[in-house]
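Participant: Work out the full structure, taking the sequences as your base and the hints as a guide.
Chains as they are written, first to last, in my numbering: chain A, 1 to 303; chain B, 304 to 606.
To be clear, the hints were calculated from the coordinates, so they are not data collected in a lab.
It is possible that some hints are incorrect.
DSS-like cross-link-like pairs, simulated, lysine-lysine; straight-line CA separation at most 25 Å [as the list claims (entries may be wrong)]:
1) B/LYS428 - B/LYS366
2) A/LYS278 - B/LYS428
3) B/LYS581 - A/LYS278
4) A/LYS86 - A/LYS76
5) A/LYS63 - B/LYS366
6) B/LYS581 - A/LYS63
Not close to chain A: a few residues of chain B, all C-beta gaps over 10 Å, as computed [stated by the list, open to error]:
7) ARG305
8) HIS370
9) GLY509
10) LYS511
Keep in mind it's a predicted model, so treat the numbers as computed, not measured.
All C-beta atoms, glycine included, are put in the ideal place defined by N, C-alpha and C.
Here's the letter readout for the chains.
Number of protein chains: 2
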Amino acid sequence: MRIYDLIIIGAGPAGITAGVYASRRRLDFLIISPDVGGQAAWSGGIENYTGYQFITGPELAVKFQEHIRSYEAVLKEGEEAVSLLKDKGAFLVKTDKDNYYARSVVIASGKRPKELGVPGEKEFKNRGLTYCAICDGPLFRDKDVVVVGGGNSALDAVLQMSGVARKIYVVNSAPSLAGDAVMRQKVGEAGNVTVFNAAQVVSVSGGKFVERVKIRNSAGENELQAQGVFVEIGLIPNSAFSREVEKNAAGEIMVDARNQTNIPGIFAAGDVTDVPEKQIIVAAGEGAKAALGAFRFLSMNQF
Amino acid sequence: MRIYDLIIIGAGPAGITAGVYASRRRLDFLIISPDVGGQAAWSGGIENYTGYQFITGPELAVKFQEHIRSYEAVLKEGEEAVSLLKDKGAFLVKTDKDNYYARSVVIASGKRPKELGVPGEKEFKNRGLTYCAICDGPLFRDKDVVVVGGGNSALDAVLQMSGVARKIYVVNSAPSLAGDAVMRQKVGEAGNVTVFNAAQVVSVSGGKFVERVKIRNSAGENELQAQGVFVEIGLIPNSAFSREVEKNAAGEIMVDARNQTNIPGIFAAGDVTDVPEKQIIVAAGEGAKAALGAFRFLSMNQF
Chain A
1 MRIYDLIIIG
11 AGPAGITAGV
21 YASRRRLDFL
31 IISPDVGGQA
41 AWSGGIENYT
51 GYQFITGPEL
61 AVKFQEHIRS
71 YEAVLKEGEE
81 AVSLLKDKGA
91 FLVKTDKDNY
101 YARSVVIASG
111 KRPKELGVPG
121 EKEFKNRGLT
131 YCAICDGPLF
141 RDKDVVVVGG
151 GNSALDAVLQ
161 MSGVARKIYV
171 VNSAPSLAGD
181 AVMRQKVGEA
191 GNVTVFNAAQ
201 VVSVSGGKFV
211 ERVKIRNSAG
221 ENELQAQGVF
231 VEIGLIPNSA
241 FSREVEKNAA
251 GEIMVDARNQ
261 TNIPGIFAAG
271 DVTDVPEKQI
281 IVAAGEGAKA
291 ALGAFRFLSM
301 NQF
Chain B
304 MRIYDLIIIG
314 AGPAGITAGV
324 YASRRRLDFL
334 IISPDVGGQA
344 AWSGGIENYT
354 GYQFITGPEL
364 AVKFQEHIRS
374 YEAVLKEGEE
384 AVSLLKDKGA
394 FLVKTDKDNY
404 YARSVVIASG
414 KRPKELGVPG
424 EKEFKNRGLT
434 YCAICDGPLF
444 RDKDVVVVGG
454 GNSALDAVLQ
464 MSGVARKIYV
474 VNSAPSLAGD
484 AVMRQKVGEA
494 GNVTVFNAAQ
504 VVSVSGGKFV
514 ERVKIRNSAG
524 ENELQAQGVF
534 VEIGLIPNSA
544 FSREVEKNAA
554 GEIMVDARNQ
564 TNIPGIFAAG
574 DVTDVPEKQI
584 IVAAGEGAKA
594 ALGAFRFLSM
604 NQF
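Facilitator: Laid out in structure tokens, this is it:
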């Protein structure tokens, strides 16, 4: 049974930076992640990653990938952690494909978009229904689309689509739009946006691709003709696999100033944690702290 | 009396990143710092700032400066904070030149090199005696130099100078060299290095520039002929001006996972804090957290 020094779960800014530091400390480690780049890869323009005045999310994600690939890091891409347990004096990380053991773990698994939980959602995912306006928006030129949500990320999707799509319907569960005042004003000024407040999506339907979205509000049900659905109703932490790690009410893993969790040897970094700032530069810094914390843990706990 | 939203003390990676975030949140703020770039500007090759596979310290410092200057941030360069007090419901930052008031403060003042405290040190500072081998090393081509210290930064200076200087004397107060095994081995292999262990510098003397360094060990005193002295005996936090802020035994400001100090409204980030990882990417991430923490503090405490 091979026991790694460290397993890093996730390959967004936190996981990649943890990997860079683990490489430089010559740890025997593994990165496990369904994808590389994390949410950063979905960002439009980034102006607050110190050192880069302006870079797009996909560009920064490529730089991160090149950076980690310049080391001999083993990246298990396309694998997802399903459980994390103590087993035989080490940590056992089970993925959907294999089992791995390590003496320390950095959880940097980030967040994923919340799902609607309505009929048709799974069926039409990537067939008109998307959780990433920035990735897929350009595919909907001159189509009619529904944006679900009323916060900043929904408004961001609306503004991005207002110059691309023909008509945009916003389905917002709250009585009025949230998000920044500046963004709400811009949405109000866009000529092709219809907002349904206090409204829910009931179902998504169509043929091979999305054709109709049924919504409901106090006035009753209504069927919108649309070829695209952008779900922007928030994010949930990818923390369910780590049952024994302490979390807050939102499911975020609780860490101290050194990125330690309640379990010695398990560290966490980035958007999956209860650090309130969900920012790329913060995730990168926290990833470095977590990897160096794991290194220190390994030095002080000789196996 | 003008009261700023925020004063950032320091303009290294933590202070600059705090400034970028404060600008983007449109805070009315000021950065006060004797210099820009912090210790990062003194680094040789940097290979662990995620996104840049390789960049030198001075290059990264220039990118940081360009980044902050792309915003309308007010940078009081050449001013040093001498005290931080509560005064009339705000924080008063006194510098060596002026007084400033703010509703919140981010301390990102970093660390500075420890001094020897021997006769001649002040007199010959920048006249042969330096605290920054990376900055000044190239000036000592074919000279004889003394490196004071025995840890990683001293060994780094020795290795950097071994291809530049003629002879290198190492004056190490401990009975043997500390620092990484790899570095100690390289120092041992260099042909032009003489190590004095368990030895102290007694004085530095000369004419216009350094000419002699007197040292002492158990065998007695010894005078080395040298034109350069590199002091590499560690760093101390620039935290003395903030008397009421809680610190650890090393003088580092204690922060929680959100970069709050013991005083509400005062945040700290980077090498001046008790976060053990003294890394550029960590300082940058912590600077972002501190600025966003200050922003949140200001939103919740309307003045």
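Participant: So which of the earlier hints does this model not fit?
Facilitator: 1, 2 and 8
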